[in-house]
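A.B. asks: Sequence:
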Amino acid sequence: MSAARVDSCARCARPNHRAYIPDPHPSIYQPGDIWAAREHVSSAIHRLFKASLLAAHSIYASRRAFGSAITWGSARSRRSIGLGPKSRPCLILQVTAQDVIICLLASFDGESRLSALPKVLQYICIPIHPHPLARHPNTHCHTTPEWPEEGMWLIASPFRLQGRVEGRWQDRRPQGSRNGSFQLSPAETEAIIRACEQKQSHWEALCGTHEKAAKNYLEEYEAPANANVEGTPSPAASVTSRSKNSPRLGALRKKIFSGSKSTLNLPE
1 MSAARVDSCA RCARPNHRAY IPDPHPSIYQ PGDIWAAREH VSSAIHRLFK
51 ASLLAAHSIY ASRRAFGSAI TWGSARSRRS IGLGPKSRPC LILQVTAQDV
101 IICLLASFDG ESRLSALPKV LQYICIPIHP HPLARHPNTH CHTTPEWPEE
151 GMWLIASPFR LQGRVEGRWQ DRRPQGSRNG SFQLSPAETE AIIRACEQKQ
201 SHWEALCGTH EKAAKNYLEE YEAPANANVE GTPSPAASVT SRSKNSPRLG
251 ALRKKIFSGS KSTLNLPE
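Here the sequence shown is numbered in full-length UniProt numbering, starting from 1 and rising by one per residue.
Worth flagging that the hints you see were computed from the coordinates, not collected in a lab.
Among the clues, some could well be false.
With a straight-line cut-off of 20 Å between C-alpha atoms, the simulated PhoX-like cross-links for lysine-lysine are [as the list claims (entries may be wrong)]:
(1) Lys119 <-> Lys199
(2) Lys215 <-> Lys199
(3) Lys212 <-> Lys119
(4) Lys119 <-> Lys215
(5) Lys199 <-> Lys212
Label pairs and their computed distance ranges (CB to CB) [claimed, not checked]:
(6) His202 <-> Pro24: 38 to 44 Å
(7) Arg178 <-> His210: 49 to 55 Å
(8) Arg178 <-> Ser115: 35 to 41 Å
(9) Ile21 <-> Arg113: 31 to 37 Å
(10) Glu166 <-> Asn16: 24 to 30 Å
(11) Asn138 <-> Asp109: 20 to 26 Å
(12) Pro148 <-> Ser115: 23 to 29 Å
(13) Arg113 <-> Asp23: 33 to 39 Å
(14) Glu219 <-> His17: 40 to 46 Å
(15) Asn138 <-> Ser185: 16 to 22 Å
(16) Pro24 <-> His136: 33 to 39 Å
(17) Glu111 <-> Gly167: 25 to 31 Å
Since this is a predicted model, take the numbers as computed values, not measurements.
Note that the Cβ used here is the ideal one computed from N, Cα and C, for glycine as well.
Can you build the whole structure from these sequences, using the hints too?
C.D. replies: In structure tokens:
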């Protein structure tokens, strides 16, 4: 298991530490594999904010919700174009002829307390074993082999891979194989997809019920008080420091929430 609540978790009882040796061809993406890519956490966050605003407009304008399918936006801002400060592990969810859909993994500078994260992250983060919160009955997931570090989260807001890919995430455990990597089983990967759908549905319902929820949570996420969740200065501050012509927050919101004709739906 365990991206859903169940009576027990067999993997927690019997962790799997055996090495995973993937296909030797580095250009082949397989759902469930974990790769290294230069993506920014904000890519996932902004996709969620865009979807929530569209959902709110749908509810308030026509009283129709999105439904259960996840809609993938292409919202991009100066700080969400794949220029993250370092390589990040990403879970491959879906591969098509045009796109690779991923979820990012992040440690947020080792912050393992859910309550310490910005509220939007509290909604969409799933702990990865051996995270302190990755235990029954909490929703959590397991990699094969088990992730070697505590405090890792999976950000359950999938988006199109746009940053530079740097190969599979390497297994650097002392007992690991030189060619080893990490993966989620097909069942775990499907469970993550279902968890993403469920979390987006709950998020859209919240934003549909409370018209200003997305705006308020975006402001909290952008706030300097939460500047270091990615181990760098606040994203908004980073944008300002990189360019004297950086957009103000209002302009940034406009860019994030702008409509897009490019969408992709995950199969149920």
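A.B. asks: Evaluate each hint against the coordinates.
C.D. replies: Each hint tested on the structure:
no.: 1; hint: Lys119 <-> Lys199; verdict: 13 Å, holds
no.: 2; hint: Lys215 <-> Lys199; verdict: 18 Å, holds
no.: 3; hint: Lys212 <-> Lys119; verdict: 14 Å, holds
no.: 4; hint: Lys119 <-> Lys215; verdict: 12 Å, holds
no.: 5; hint: Lys199 <-> Lys212; verdict: 19 Å, holds
no.: 6; hint: His202 <-> Pro24: 38 to 44 Å; verdict: 40 Å, holds
no.: 7; hint: Arg178 <-> His210: 49 to 55 Å; verdict: 51 Å, holds
no.: 8; hint: Arg178 <-> Ser115: 35 to 41 Å; verdict: 40 Å, holds
no.: 9; hint: Ile21 <-> Arg113: 31 to 37 Å; verdict: 35 Å, holds
no.: 10; hint: Glu166 <-> Asn16: 24 to 30 Å; verdict: 25 Å, holds
no.: 11; hint: Asn138 <-> Asp109: 20 to 26 Å; verdict: 21 Å, holds
no.: 12; hint: Pro148 <-> Ser115: 23 to 29 Å; verdict: 25 Å, holds
no.: 13; hint: Arg113 <-> Asp23: 33 to 39 Å; verdict: 37 Å, holds
no.: 14; hint: Glu219 <-> His17: 40 to 46 Å; verdict: 43 Å, holds
no.: 15; hint: Asn138 <-> Ser185: 16 to 22 Å; verdict: 19 Å, holds
no.: 16; hint: Pro24 <-> His136: 33 to 39 Å; verdict: 37 Å, holds
no.: 17; hint: Glu111 <-> Gly167: 25 to 31 Å; verdict: 27 Å, holds
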